[in-house]
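Enquirer: Read off the chains here:
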Amino acid sequence: MFQLYDVSFRYPDANKDVLNQLHLSINAGEFILLTGPSGCGKTTLLRLLTSVLRPIGELSGEMLYQNKPIHLWSDEQLTKQIGFISQHPEEQMVMPTVIQELVFGLENHGLSTVEMRKRVAELGHFFKIENLLYKKTDALSGGEQQLVHLLSVLLLRPKVLILDEPTSQLDPVHAKHVLQILEQLHHDLGMTIIIAEHRVDHLFQICDRVIMLDEGTVRFTGNSRDMLYQLFQSREIKYHAYLPDLAHLYLEKAQQPIKDNIPLTVNDGRVWLKQTLPMRDSKRQSRNVEQEQPIVTLKDVTFYFSKNAPSILNRLSLTIYKGDFYTIIGGNASGKTTLLEICLGIKKAKRGRVELFQEKPHKTALSRVGFMPQQPQAFFMYDTVEKEMQAMLNQGDDGEQHMIKMAKRFNVEHLLQQHPYDCSYGEMQKVVLACLLLRQPDILFLDEPTKGLDPFAKKELGRYLTALHKEGVTIVMVSHDIDFIANYSKRSGLLFAGEVTTEGPTHTVLQDNYFYTTDLSRAARGTSLSSVLTLEEALQAWPEK
Amino acid sequence: MSEQGFLSIHPIVQLMYYILIGVMLFQINHPVFLLTTFLLLIWIVWQQDEGKSIKKRLSSILLLMGVMILLNPLFVSRGSHILFYLGNRQITLEALIYGISLALMIGGMMLLFISFQHVLHGQRFLYLFANLLPRTALLVMIALRFVPLLMNRLETIRAIQHVRGSNKSPIKTAMLQLQALITWSLEESIETADSMKARGYGNQKRTMYTPFYMEKRDWFVMIILLLLFILCFTGSILGYGNIYIYPRLGTLHFYPFDWGMYIIMIFLYLMPLLIERSTA
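Chains as they are written, first to last, in the working numbering: chain C, 1 to 545; chain E, 1001 to 1280.
Treat the hints as calculated values from the structure; they're not laboratory data. Check each hint, because a few of them may be wrong.
Straight-line C-alpha distance at most 16 angstroms; calculated EDC-like pairs for lysine to aspartate or glutamate [said to hold, decoys possible]:
#	chain 1	residue 1	chain 2	residue 2
1	E	K1205	C	E76
2	C	K363	C	D442
3	E	K1205	C	D75
4	E	K1197	C	D75
5	C	K80	E	D1194
6	C	K348	E	E1155
7	E	K1168	C	E388
8	C	K459	C	E536
9	C	K16	C	D214
10	C	K347	E	E1155
11	E	K1197	C	E76
Here the structure is a predicted model, which is why all the values come from computation and not from measurement.
Please put together the full structure from these sequences, using the hints given.
Expert: Structure, rendered in structure tokens:
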């Protein structure tokens, strides 16, 4: 399908090639996972492959699409044959209603109404979206929006589907749904799929070949198990962040790890663990967090948008103590974000009591609070990172030094003169954290902090948060990233039907769950490791002979 | 689409109904005819949303009509039947009748617009519009999509900045927020442009997906509408359904042809409800 010979690419004003003498061949019908740390050139490569969206810059080497140089194809043919989907569901929507959005591409290609009607009917039926057709696009959830966009592209009947982190902004349930559709397209239609993604665990199970890019060149390539084996063998520890926990455990602890036996699914893992480990239930440890001084107190809080609509929060009570690292876990639209907004006084509870530092969430209380939003873009007001940080300083004498120190701590000092929007997502988050900490808050609120982060950045964020927590900052986080929660959070509450239904130490909350738990815990059920949630714990608890 | 009855008719036929009715309203000045049409329109609007908009707006429409009925005889003193003198102004029967006719016509027009808004909204309206001005229609649609998006973003920014706090004046803060909104939106609109481009926007002449197509029933309704209209219109040209008001009030009496036209007109007005009945 695609052949790349010696392809290099350099952005204008850059001093380094983003892609460096890349050799790559992609066959028709392959399902390719493209991965690598942020800034490794994934997006550039994908955009070059679409040709229509190729970035401005210096390109050398040769790119063939179906054995013909790609620049000889017309845009019209290319847009018909190559579908592209990016990571932001909301921004990809052009039209006000779903049906208009679906047919947008068809209209652009000048199809007749009869043909459009036929295609929409067929696909709409297949993906069961009849009930969405006449809805407003902005009333859809992110997952639904991404699905609608995917369908809009599929209506053009492309031969190749190129996806740039399509699930990074979605919750796990919707992410899985999108991936399942891709798997189905690949199986049933033999569509060529090239997907760049950070959340790789599930993709390792379904892709034909993995290509890992780093610094503009192909680092590893091969099928999933090959790739995992090579990653583990590589001396660079940083690549280990890409190993799914189960596979990592296997490679660490199996007596003679065999490449073809690397567990990819929970079931693979369960089979392996059952063979190797003694069958017994281990004692459960429970750790308690000291509960002394309450910082956030919610009592019988009810919230709804209108009297006729169902309540978002329903007589919810929650207390967060000084020194907590608390996570509110819940599905999409469970009211997690609303809960945060009520704690922060952005939304007013319709009934019930909300206290922050034992007072109403007003200005004085808010000055001791840091809030990192889901979209860090909305935090920025100025045109450089430096101004952004200066705005957070109080009138003090050693402000400037304090700022530099903070920038160093979060490793963002090289970004000070840049526009915040020119930073990668992970960098933006670090800038926001650095800004917030300049005010020395007593409590940090984080809304979905791991959304859109690559595994390295996630680990880094985890390290920063742990360090802050040790320094005595109370942290409240809203998330559905179970692995992250299991690794770092101390206490958790499960939000369901507008109430916190289960609450306690993270370990206890996640341990017995069927779905809301880590793959490792699911695979180890019934073995001596059954109380283990994370890789670290598993490595420690592994019975040595 | 889940909409039934008149709402499921092709937009062009719907538009035709409103234009024809509008023309007829101007063609007739007989107060009995106009009162009938006014009552029929109230009934139609009532049926369309179970009286919601009638309850809200009827009182203000009636008030406006009342003012017109009162004012016309006060300002116009033409006519030969003098009812009484107010000061030294003569109040004539002709001016009163004219005021009533005019008020009923304007009131009917307003009801027609309420009904129009209910039936030809959103996508239907755009569809009608798009055949005339395809590019503008596309622009309007994209703009429609962006209004809620911008509002959402502004709300997000304000919420976040509320917590972040600011040591600047409220006006300065609002300016900065607006600036942030624009920067953010411009940044994101690159993504939107890419998604348009990747789906082949601008490569060739666009077609329009029309979610509506003319069924047999639509043609049938259209022909009936036209027939009824031609009968009514010819009648009104020949003078039926009209009376002489100035300078001297003619008779309000109905001649046989007036009766014929009266009945045809009622059928013309009632088309939406008849369709509703026949599909229920």
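Enquirer: A separate judgement is required for each hint: does it hold in the structure or not?
Expert: Status of the hints after comparison with the structure:
no., hint, result
1, E/K1205 with C/E76, "holds (11 angstroms)"
2, C/K363 with C/D442, "holds (14 angstroms)"
3, E/K1205 with C/D75, "holds (14 angstroms)"
4, E/K1197 with C/D75, "holds (9 angstroms)"
5, C/K80 with E/D1194, "holds (15 angstroms)"
6, C/K348 with E/E1155, "holds (15 angstroms)"
7, E/K1168 with C/E388, "holds (14 angstroms)"
8, C/K459 with C/E536, "holds (13 angstroms)"
9, C/K16 with C/D214, "holds (13 angstroms)"
10, C/K347 with E/E1155, "holds (11 angstroms)"
11, E/K1197 with C/E76, "holds (10 angstroms)"
Checked against the numbered hints above, the structure violates none of them.
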